[in-house]
Structure formats: C-alpha cells, structure tokens
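Peer 1: Here are the chains, one letter per residue:
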Amino acid sequence: MSRAEAASGRARPFSLLGSELATLFRRRRTIAMLGALALVPILIAIAVRVTSAGGSGRGPAFIGDITQNGLFVAFTALTVSIPLFLPLTVGVVAGDTVAGEANLGTLRYLLIAPAGRLRLLLVKYVAAGVFAVAATLVIVVAGVAIGAALFPIGPVTLLSGDTVGVDGFAVRALLLVAYVSLSLLGLTAIGLFISTLTTVPVGAMAATIVLAAASQIVDALPQLSAVHPWLFTHNWLGFADLLRDPIAWDSFGQNALLQLGYVVVFGALAVGRFTTKDVLS
Amino acid sequence: MASAAIETSGLTKVFGRQRAVDALDLNVPEGSVFGFLGPNGSGKTTTIRLLLGLAAATSGEIRMLGEAMPAGVPSVLPRVGALVEGPAIYPFLSGRANLLRLDAADRHAASRTRRERIDAALERVGLGHAADKKAHAYSLGMKQRLGIANALLRPRELLILDEPSNGLDPQGTREVRGLIRSLADDGTTVFVSSHLLSEIEQLCSHVAVMSAGRLVAQGTLDELRHGDQRVTIRTPDAAAARRALAELGLVTEAGSERGAVSASLVDGILPETVTAALVNAGVRVRGIAVAGETLEERFVALTGEGFDVAG
Numbered sequence: 014m015s016r017a018e019a020a021s022g023r024a025r026p027f028s029l030l031g032s033e034l035a036t037l038f039r040r041r042r043t044i045a046m047l048g049a050l051a052l053v054p055i056l057i058a059i060a061v062r063v064t065s066a067g068g069s070g071r072g073p074a075f076i077g078d079i080t081q082n083g084l085f086v087a088f089t090a091l092t093v094s095i096p097l098f099l100p101l102t103v104g105v106v107a108g109d110t111v112a113g114e115a116n117l118g119t120l121r122y123l124l125i126a127p128a129g130r131l132r133l134l135l136v137k138y139v140a141a142g143v144f145a146v147a148a149t150l151v152i153v154v155a156g157v158a159i160g161a162a163l164f165p166i167g168p169v170t171l172l173s174g175d176t177v178g179v180d181g182f183a184v185r186a187l188l189l190v191a192y193v194s195l196s197l198l199g200l201t202a203i204g205l206f207i208s209t210l211t212t213v214p215v216g217a218m219a220a221t222i223v224l225a226a227a228s229q230i231v232d233a234l235p236q237l238s239a240v241h242p243w244l245f246t247h248n249w250l251g252f253a254d255l256l257r258d259p260i261a262w263d264s265f266g267q268n269a270l271l272q273l274g275y276v277v278v279f280g281a282l283a284v285g286r287f288t289t290k291d292v293l294s
Numbered sequence: 004m005a006s007a008a009i010e011t012s013g014l015t016k017v018f019g020r021q022r023a024v025d026a027l028d029l030n031v032p033e034g035s036v037f038g039f040l041g042p043n044g045s046g047k048t049t050t051i052r053l054l055l056g057l058a059a060a061t062s063g064e065i066r067m068l069g070e071a072m073p074a075g076v077p078s079v080l081p082r083v084g085a086l087v088e089g090p091a092i093y094p095f096l097s098g099r100a101n102l103l104r105l106d107a108a109d110r111h112a113a114s115r116t117r118r119e120r121i122d123a124a125l126e127r128v129g130l131g132h133a134a135d136k137k138a139h140a141y142s143l144g145m146k147q148r149l150g151i152a153n154a155l156l157r158p159r160e161l162l163i164l165d166e167p168s169n170g171l172d173p174q175g176t177r178e179v180r181g182l183i184r185s186l187a188d189d190g191t192t193v194f195v196s197s198h199l200l201s202e203i204e205q206l207c208s209h210v211a212v213m214s215a216g217r218l219v220a221q222g223t224l225d226e227l228r229h230g231d232q233r234v235t236i237r238t239p240d241a242a243a244a245r246r247a248l249a250e251l252g253l254v255t256e257a258g259s260e261r262g263a264v265s266a267s268l269v270d271g272i273l274p275e276t277v278t279a280a281l282v283n284a285g286v287r288v289r290g291i292a293v294a295g296e297t298l299e300e301r302f303v304a305l306t307g308e309g310f311d312v313a314g
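Protein sequences appear in the order of chains A and B. Taking this note's numbering, I'd label the letters of the first sequence as residues 14 to 294. Taking this note's numbering, I'd label the letters of the second sequence as residues 4 to 314.
It is possible that some hints are incorrect.
[To be verified] In silico EDC-like links for lysine to aspartate or glutamate, alpha-carbon gap of 20 Å or less:
no. : chain 1 : residue 1 : chain 2 : residue 2
1   : A       : Lys290    : B       : Glu88
2   : B       : Lys136    : B       : Glu126
3   : A       : Lys290    : B       : Glu64
These are computed hints drawn from the structure, not numbers from a lab. None of the values given here were measured: they were computed from a predicted structure.
Could you put the whole structure together from the sequences, leaning on the hints where they help?
Peer 2: Structure below.
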C-alpha cells in the first residue's frame, strides 16, 4: 500500500465518475436517445398546433390544456414518455453498464487499472441514474421551450384548482423531474444487475426493457391486484399529487420507499454477482 | 536466488470438467524477462487472468510483488502494467481519450500529470501522430500499440504482456522488442507470453513452457535450451568412438549419416571432454558438431507435434 500511496500524488477520488459521465454523454448513442426524447414534446406541440385539436377530452392527460398554456406540453410529453420511451432509453443505458464494457473487453482493463469492482459498479449505477435525470429533464425542458414557442404561456392552473405563476410552475416541473427520475431508479438497478450476468449488452438491454413492459402489464391486470403495490412501475404515473396545492407528499414518499427497496435488492444482487465474477471476456 | 516478482504454488483453475490451469508452480525472478510459452489453449491467458485477479483460482496461491493475490489487488495492480488477450478499446473514443479513461480508473494515478503521462506513453509506442484519431479507425497494430501504451501509463515494477507483438508488422515487432529491452534495463520485470519462439529466444532471460494446463518446463533460457545438447562425430572409427563415449557414460546412437556417432550430452559433460576422450582413444575424427537444441525443437519436444490444440 505504502508504495502505491507514495506514487499516487494528488488523485481525485471522483475521476472515474467524471470519466464515466464524459464517456456516456459524449457517446453518439446517448446523444441520439436524448434527442429522440426531446422530439416527443416537439411532435406533440406541433401536432396540437397544426390541428388545434386540443380540448376534445380525449388523448393523453393535459393535452387539452396545451392550446391555453404552452407549459402543459412538458406535462403531456412526460406522461406520454413514461410507459415506453423513458424505460426504453434507461434500459439501454442500464443494460449496457457492465455488459457493454465486457463486450468491448475494456472491463478487464478497468479492473486491472485497478478501478475496484465495487467502485466501478457504484460509478456505473450513479452514471445510469444521472442519465435517467437527464432524460427526464430533456423532455421537460424541450417541452417548455417548444410550448413557449408555439403557444401562449401564463399562470398554470393546478389540479386542485389553485393557480401558480411561472416560478411556481418551475418548482412543480422540477419536482416532477425528481419524481419521474426517482421512479426510474428501481429499473436502473434491475438493468445493472442483468448487465452483470452477461457479456452481450443487447441482451441485457432487451431483458431490462421487457421487464419494464411486463411489470406494467401485470399492473394493468385487476386479477393480480395483490402484487400491484410491489411493482416498480406501479407509481410511475402517480405524480398528480405534486400538482396540487398544498403538495401531497404521500405518493412521493411511497414511491421513494418502493424504488429504494428495488435499488437495495437488485443493487445487492449486482454487487454479489459482480464482485465474485470471473471476467473472461 | 533473487526474490520473485510472481510466485504461484499449486495454482489451479477448473472450468466445469476442464482443468485449464493445473497445479502451476511459477517462479518469475525479479528483474527477469520471463517468456511464457505454450500452444493455443494451454492455459497461458487463463494464468494471466488469475495473476491479475480477473478470475478467481479454484485452488492454489499467488504472490505478486511480495503480496498475496488477489487480496493485494488494490495495492499491487497500480505497480503492474498489463496487456491481456489483446488490446480492448472504446471505438467511439480517440486513442488519447481511451487512455484518459483507463488512467482515470486507477484511483492512485495522479490527475495532475495525466495528460503528460499519456502523451509520453503514446510517443513511446509511436502513436503520437494518431492520438486524436477515433480508435475504430486504428489498424490492428495501432490498437496493439495503444494497449501497450496503457500498460506504460505509469512507471511499473512488473509488466505482464500477453502476445505483445500480435498484429504488428516487422518494424513494430522490432520496436516492441526494443521497448521491452529498455524497460528491462530500467529494472522492470517483464512477463511476456508469446508463440513467437524466435522473439522469446532473443528477448528472454527465463522461460516457462505450458502444455494442457501444466507447466512442463521452467528455468533460464540456457537451462532450457541446452538441457539436451547433442554431439555428433563423423569418424571412420565408429566402433572405437562408441566405446570412448560409452566410457564417459553417454548413450550413443548411429548418426544420420554413415560413419557418424551421436549422443546426448547428459550430466553436464562438455564437448571438450568428449574430444579429449576421443583423442585419448586414438579415434580419428573427421568432424565434430555440437548442436544445442533450438528453442523450437525443445518446445515441440515438450508440447507435442501437430495441429492438435490441447483442449
């Protein structure tokens, strides 16, 4: 230890995380996925603008409000993206974490650097979590931008009937980003674990995404209502409470607890698997 | 005996029913250039993976740079540079960015000197001009150089190089040889696996040979190569020559040409001892040849002929 420490000079403890984030967000695939997510609110806004078809009472939540207030584009886009687009992109990133490195062969070089297996896994998870936040943020920011460009914006009427100004809206929007990102952390942990099982990143990605879809299907079957509260997707659309005044935090706390449970269980499985795994790729 | 940079005892790795590495007792002296030979599938790369803590041994012990492995991974591996089973790159990153990433993974690598060290390593392997090119555009040889540069990011006490010349052109092979020599001159222990026997012969002070997971020979290059030197005598007095050699305790056999007698020089008997004995016996000698086995002959003798890859 002493010699290694002597040679270390000033080492930054977070340099691996910085490197991971830089690698992830400079990658063309990541940029393309974030671009695709940004297209969701843009397409919605253009469709509503061109057809002026709001207010029919059908379609996704909030879509009827868009023509009155462009800020609702962000809410609509988020609601539309939660079941498919967000789990899809998060599944790609989470499934790629370890399996992608194993597939490239770079995993062995990271480990002999030595990155430390636990540290590497933690960094991978944090980076995937940062991607989930970024993905959600991109939808909201693009939604607000395109909404402001195509529609009038003004004070937002909440579900409880109260009205908040633009600054109040900003707070609610950030809370929504926090809620949705948090909702994805359980899925990210599942993806991380699956990623430690294989050297084929596409397999890990597909398995993660399939699980997200399967969980939502189970959640839609009333016969299986007993397991509904335990599904990691169960609270995905439960952010309405954040759009009331005063804010009801119950669903937020409940969701946080559920996601934490998934993070702990699948995080532990991932650690158990990865720290004992023979890296032969 | 010098202390060992790598020492294993009874190192064994079992995959299912196959013993990929079987009771390996390896001893790599500090400061040596150690050639690690063996046919494809003989367990060389698996051994290297065990040494580096990438895979867990089924049984046996490893000591590297004085510490037990894999417990010592955090403190030992920063002092070890390695190329394992070919280079691995992020194709979407430049050569320089590849090294930045791997250096950042080493918690003990100083970030202050990172750029400097990376540039020096790239120059050292002749990749300076291509440092900012995306690595997917690299040729096999350039990827190989990048892998070697990664092993040289910091001053190392031990280098473990698995097939370092793979994919390199003759110039590149020469450069790598020169590089290994200069590193060895600086006191770095170099553990190099290769199929290129001529390269090992030019480069290494010590050699170990693996076959089907087992170590079949280990020692200095001279011990291994000259272990079985042969003397061949051309003489019209073949019968007398045989008697003279037999008195020395050598087992003679008919040489390949008529009137030739040959024998393996066992028990440290020197060629000059043989000539003196022949002269004393009045044997007329037309010619005498001493042939050390080439490493290749020795290798084939140890690991078998033909294309059958040990499974």
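Peer 1: Each hint needs a verdict: does it hold in this structure or not?
Peer 2: Cross-check of the supplied hints:
no., hint, verdict
1, A/Lys290 with B/Glu88, "holds, 18 Å"
2, B/Lys136 with B/Glu126, "holds, 14 Å"
3, A/Lys290 with B/Glu64, "holds, 18 Å"
Taken one by one, the earlier hints all hold for this structure without exception.
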